[in-house]
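K.L.:
Here is how the chains run, residue by residue.
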Amino acid sequence: MLEVHDAALRYSGGPWLFQNLSFKLADGESCVMLGPNGTGKTTLMRAILGNIRLDVGRVLRTVQPAHVPQRLEPVFDFSVRDIVLMGATARQGRRLLSRPRLEDYDRADEALDRVGLAAFAQRSFGSLSGGERQLVLVARAVATGSKLIILDEPTAALDLGNEERVLSMLEALKKSGATLLMSSHTPDHALRIADRVLMLYRDGSYTFGSTQHCLTDECLTRLYGLELTVREYEDTEGLHATVARRMVRGIG
Amino acid sequence: MVLGYRLVLFLFTLLLAVVVVISLTVGRYPIPASEVLAILFSMTDGALSEEHSVATQVVEQLRLPRVLLAGLAGAGLSAAGVALQSLFRNPLVSPDILGISPGAAFGGALAITLAAGSLATVAAAFVSGIGAIALVTLIAAFNGRTSTLALVLSGVVTGALFNALISLLTFLADVESELPAILYWLLGSFATAGPEKLLILAAAILPSLLLLRLLAYKLNTIAMGEEDARSLGTPVVALRWLTLLTVAVIVAASVAVAGIIGWVGLVVPHLARPLVGADNRKLLPAAALLGASFLIVVDTLCRSLSSSEIPLSVITALIGAPLFMLLLRRAGGLGWARA
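Line by line, the protein sequences are chains H and G. As numbered in numbering that gives the first Met the number 0, the first sequence has no gaps in its residue numbers, which increase by one up to the final residue, 251. As numbered in numbering that gives the first Met the number 0, the second sequence has no gaps in its residue numbers, which increase by one up to the final residue, 338.
The following block holds chain H by itself, in its conformation from the complex (with noise of 0.2 Å):
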């Protein structure tokens, strides 16, 4: 589904942000990627979209990604129909004169259904809640129909229960047979939707493996440079766990 191989890039003559990444994500695996700020989670979904180019190294996938960006502004307010519509046309592939076709349409509004936005269809965009508005991305690379979903910290402006309801919803999508690659700063969020994590450390290495050997004491300390414990909870379902942060001192 999507294979990084040997992947390096910086930004003009600056230091590395990863060097020498390889990963391999097959169908319907899902990998959240954590990593402090700067260290090139959003660049390396930029090339992983095939937005930028890498220096080094080559993206290999099966399908165009659909994205969910960390936020959308766009300066003229459409509706929110109008906003998962174009997740829908995308499907057209790369064309210049393309317009809906009344499948999209309905495809659109399934999409919405799927996240329970179809209330929202007429509402305009701009005047949904950070949430919603999260939710509505999310229909929209739904209704791209592909199997391969990257996330740029969806979660990352929202309260907690709008949190919520991303993350079931991906949950949901991940069940249905979704690839999933997102980034994110909460290590919980692994252990709820990833079947593999991929930390991308500051000095430019990175651990890739099953979210059982990624999220150690040691490994989520280095990743952020505080002494990290990883604690878990036998009452709850399945493999919830909490990050307790031991101490704060020592860092600038």
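Keep in mind that the hints are not guaranteed to be accurate.
[Said to hold, decoys possible] Computed far set for chain H versus chain G, every beta-carbon distance over 10 Å:
| hint | residue |
| --- | --- |
| 1 | D5 |
| 2 | Y10 |
| 3 | F22 |
| 4 | P35 |
| 5 | D54 |
| 6 | L59 |
| 7 | G86 |
| 8 | L101 |
| 9 | H184 |
| 10 | G203 |
| 11 | T210 |
| 12 | C218 |
| 13 | E226 |
[Stated by the list, open to error] Per the computed footprint, the stretches of chain G lying under chain H, defined by three or more beta-carbons under 8 Å from a beta-carbon of chain H, are:
| hint | region |
| --- | --- |
| 14 | 81 to 90 |
| 15 | 224 to 236 |
| 16 | 274 to 283 |
Treat the hints as calculated values from the structure; they're not laboratory data. Keep in mind that this is a model prediction, so the values were computed, not measured. For glycine and all other residues, C-beta sits at the position ideal for the given N, C-alpha and C.
Please build the complex by placing chain G on the supplied structure of chain H, with the hints as guidance.
P.N.:
Okay, now just chain G, sitting in the frame of chain H:
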């Protein structure tokens, strides 16, 4: 408040029809509306009236070409404004910003200085306007960047360059004959309307309007940001250049036949957007219809307010500036996303 699209389109078409008829009645030789309608219907019959009354001659040969010219230019410039505001994701962009108007104006001013005929002036303005957009492209490409911002900056640079050249021409021009001609032409006027100019403008603007309407849906996706548009299946670079070139044709043609007409491309999109929303598939036709009415009204004022013709840009600015201020006051309802 977004009204039904069909209702708005119907109302704007009705408005245009009323504006055309009223404009044909107004002038130094007033003609009652009933007679104007009778003349128009006899024209559509194809049977030329035998008597050739003064009223028929005034309508057929003087006022109608002028009204059609103003309508075409207004429609073209407004649609160009809609397309550019979408392309650059900026509500303050207008066709003037890319240096096409000063580019075309320079060509026209040069032709006047060289005492070329009126058709040669039109041709020089058109070629020079297209040359300006080519220069914008070159400057942007020379800097190795084709981003939106680089394009706007190149447009500003190109505009400044051509404005300097125009100043040089006016400085060198003969004060008695050429200078007034250049200055009057720079301020815009439809006073020299005639069948050739109408043909030129129609040939440039009608296909351009059609093409912009065909690109309208993909222009919507650009509003999401260029990278987002790309992942939504939009060939961003091709769309950008095709839109720019189409806009250049519209602006160069309208400057060529009527001089620089400011404000229309900026104000009309903002008048239409609150009524039909931001979807370019609806906004482009609505703005084109409204822009046609707007410029016909402006031109009618130009030729009837005083005994001598008032330049177009004076009236468009006098109407446009206060209108734009009013619109800015209630920007929340303008169809812009909230800040």
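K.L.:
Run through the hints listed earlier and report the numbers of any the structure violates, in increasing order.
P.N.:
7
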